[in-house]
Amino acid sequence: MNHPYGYKNCLTVPVLSSCVFGTIFAGLDVVQGGRFTPGAAITYASGLYAYNAMQCPMEAIHGRQSLSHNVLAGGILGYVGVSAGRLGIPFVDPMTFYKYPALRPNIAAFFVYGGLAGAMAALGGKSM
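Residue 50 in this note's numbering sits at position 50 of the sequence shown, with consecutive numbering throughout.
Just so you know, the hints here were simulated from the structure itself, not pulled from any lab data.
Please note: incorrect hints may appear among the correct ones.
Stated by the list, open to error - In silico SDA-like cross-links for lysine to any residue, where the CA-CA straight-line distance does not exceed 25 Å:
(1) 126 with 51
(2) 99 with 88
(3) 126 with 116
(4) 8 with 86
(5) 126 with 9
(6) 126 with 86
(7) 126 with 65
(8) 126 with 29
(9) 8 with 58
(10) 8 with 90
(11) 126 with 36
(12) 99 with 120
(13) 126 with 50
(14) 126 with 15
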C-alpha cells in the first residue's frame, strides 16, 4: 500500500488543510461581495474534509490512489449537495432542465462535480 501518509492517518491528516482552505474559500466569498461568516468557512472545510475522507476506504480497498476515487468522491458530494439544495451546478444553464425534463439536476451534478474532481486529480498526476 503506497498511500503518501499511510492509511492509519488517512482521516486525520486532511483536517488542517481542510480548515485552511475552507477559510480561504470563505474569504473568496468576501471578494465577490458576500460576508465572511464562520458558518461558511465550516461548510467549505467540512466539504473538503469529506472529499478527502471519502477516498480513504477506496484507497484501502484498491491498495493505491486512483483518479477514479477522486471522480467518485467528487460526484457523490455533488449529488448530495445539489439534492440537499446546498450547491449549484457550475457550467450548466438552469434552462437545460426545463428543455430536458428527464435530466435530473442531481445526476447532472454527479457528472459535473465528478468530472471537475477527475480533472484536478489528472492535473495532479494521478492515473486511473
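| message | For each hint given before, does the structure comply? Return the numbers of the non-compliant ones in rising order. | response | Result: hints 4, 6, 8, 10, 11, 12 break, sorted rising.
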